[in-house]
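Asker: What follows is each chain in one-letter form.
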Amino acid sequence: MGLTYQSTGKLATREIFNVPASIRQPVVALAGNPNTGKSTVFNALTGLRQHTGNWPGKTVLQAKGSYIHDGRKYTLVDLPGTYSLLANSVEEEVARDFICFARPDATVTVVDATCLERNLNLVLQVMEITDKVIVCVNLIDEARRKNIRIDSDKLSERLGVPVVTTAARSGEGLSRLLDVISDVVFGRVQPKPRLVRYTPEVEEAIARLEPGIRALVGGEINARWVALRLLDGDIKLGHSLEIFCNRREPVRAAREVLV
Amino acid sequence: MAGKTTLNNLPSGSFALVTEVLAEGLIRRRLLDLGLVPGTRVEVVRRSPAGDPTAFNIRGAIIALRKEVAGQVLVSPLGDEAAG
Ligand SMILES: Nc1nc2c(ncn2[C@@H]2O[C@H](COP(=O)(O)OP(=O)(O)OP(=O)(O)O)[C@@H](O)[C@H]2O)c(=O)[nH]1
Ligand SMILES: [Mg+2]
Numbered sequence: 001m002g003l004t005y006q007s008t009g010k011l012a013t014r015e016i017f018n019v020p021a022s023i024r025q026p027v028v029a030l031a032g033n034p035n036t037g038k039s040t041v042f043n044a045l046t047g048l049r050q051h052t053g054n055w056p057g058k059t060v061l062q063a064k065g066s067y068i069h070d071g072r073k074y075t076l077v078d079l080p081g082t083y084s085l086l087a088n089s090v091e092e093e094v095a096r097d098f099i100c101f102a103r104p105d106a107t108v109t110v111v112d113a114t115c116l117e118r119n120l121n122l123v124l125q126v127m128e129i130t131d132k133v134i135v136c137v138n139l140i141d142e143a144r145r146k147n148i149r150i151d152s153d154k155l156s157e158r159l160g161v162p163v164v165t166t167a168a169r170s171g172e173g174l175s176r177l178l179d180v181i182s183d184v185v186f187g188r189v190q191p192k193p194r195l196v197r198y199t200p201e202v203e204e205a206i207a208r209l210e211p212g213i214r215a216l217v218g219g220e221i222n223a224r225w226v227a228l229r230l231l232d233g234d235i236k237l238g239h240s241l242e243i244f245c246n247r248r249e250p251v252r253a254a255r256e257v258l259v
Numbered sequence: 260m261a262g263k264t265t266l267n268n269l270p271s272g273s274f275a276l277v278t279e280v281l282a283e284g285l286i287r288r289r290l291l292d293l294g295l296v297p298g299t300r301v302e303v304v305r306r307s308p309a310g311d312p313t314a315f316n317i318r319g320a321i322i323a324l325r326k327e328v329a330g331q332v333l334v335s336p337l338g339d340e341a342a343g
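In order, the protein sequences belong to chains C and Y. The numbering of the first sequence is the working numbering, which starts it at 1 and goes up by one. The numbering of the second sequence is the working numbering, which starts it at 260 and goes up by one.
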């Protein structure tokens, strides 16, 4: 499949998030529950090549940086740690808007090997928004110490996306992570997330909404996921859609009036 | 297994199994996202000096919940033998 950077919409949206919008520079996001080692992975990969500031219009810290792998430069964005992407907090809103609208070329979801189960909720939510997901099972050293064995092949098979185990603090597994990221970014590996199927009533409602949504938002934003959020009664996503589809600067004042 | 109560009614150091989440809307979503689905074992870690909120160990993360929120989670208390 190769490069998929034709979309100028995506690039314009990335600019809204203060992230370099070059057709040559892939963007990789790090998502995950709080305290799973995202920033440790981020620091190990970007070293001193990083900037911190705030997410545009938000009081949430944004860390972005870059690294070079196989002679190519990647932008890495450290998303706030969240248990969910359903926008019950500013952190969740930032993380999900970035994944949904800036459409990273790969989203690495960092999970804690010592309590994998509780982390999979977020993995499933990320997979509902984007196919380009890699699961990074971090803290594998801690898991070993507690005699927890992770069958990453089985996990990968069950989820339908690549799984890499790491111990980010000591650097274990990070070079493999970089290889897998580039495989996903350049389409050599195409994750096929196993999505949650809902009850027939919900699936029918999704099917009814999807075509209209696709006509409104275009093929790049995941219409199934937007349909699910609308069925959830998610008003915030409606506002975000309006902003990002019109490629306008987020107007905070307008939002305050609407809330 | 003892009868049903809500998460806010348990003493520090006790364990319980979630049987049902009564909350609706955003609070329901939040509780489910935190891992409070039926069948989950929860430990009451400690209560703040003022009595609220209370810290719970939910699937390996320590999470503080206010009593209005914890009161919307039905649980069956577990005996001490489950504490290991
Ligand atoms: N043993 C071990 N510790 C790790 C590993 N990765 C990170 N840590 C430690 O785990 C703690 C949390 O790491 P962070 O990188 O801050 O986690 P985070 O996901 O960025 O946390 P939030 O930004 O708060 O969500 C730190 O004390 C790290 O040193 C690992 O692979 N093994
Ligand atoms: Mg961090």
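Treat the hints as calculated values from the structure; they're not laboratory data. Among these hints, one or two may not hold up.
Unchecked claim - Example chain Y residues on the side facing chain C (calculated, C-beta under 8 Å, incomplete):
#1 Ala282
#2 Glu283
#3 Leu285
#4 Arg287
#5 Arg288
#6 Arg289
#7 Leu293
#8 Ala314
#9 Gly319
To be verified - Estimated spans, in silico, between C-beta atoms of each pair:
#10 Lys146/C - Val296/Y: 19 to 25 Å
#11 Glu283/Y - Glu172/C: 29 to 35 Å
#12 Ser170/C - Ala323/Y: 40 to 46 Å
#13 Ser170/C - Lys326/Y: 49 to 55 Å
#14 Val296/Y - Pro200/C: 17 to 23 Å
#15 Ser170/C - Gly330/Y: 49 to 55 Å
The beta carbon of each residue, even a glycine, is placed where N, CA and C say it ideally should be.
Asker: Each hint needs a verdict: does it hold in this structure or not?
Answerer: Hint by hint, here is what the structure shows:
no. : hint                            : in the structure
1   : Ala282                          : violated (12 Å)
2   : Glu283                          : violated (11 Å)
3   : Leu285                          : holds (6 Å)
4   : Arg287                          : violated (11 Å)
5   : Arg288                          : holds (6 Å)
6   : Arg289                          : holds (5 Å)
7   : Leu293                          : holds (6 Å)
8   : Ala314                          : violated (15 Å)
9   : Gly319                          : holds (3 Å)
10  : Lys146/C - Val296/Y: 19 to 25 Å : holds (23 Å)
11  : Glu283/Y - Glu172/C: 29 to 35 Å : violated (44 Å)
12  : Ser170/C - Ala323/Y: 40 to 46 Å : violated (31 Å)
13  : Ser170/C - Lys326/Y: 49 to 55 Å : violated (42 Å)
14  : Val296/Y - Pro200/C: 17 to 23 Å : holds (22 Å)
15  : Ser170/C - Gly330/Y: 49 to 55 Å : violated (44 Å)
Figure legend: structure checked against the earlier numbered hints; hints not met, in rising order: 1, 2, 4, 8, 11, 12, 13, 15.
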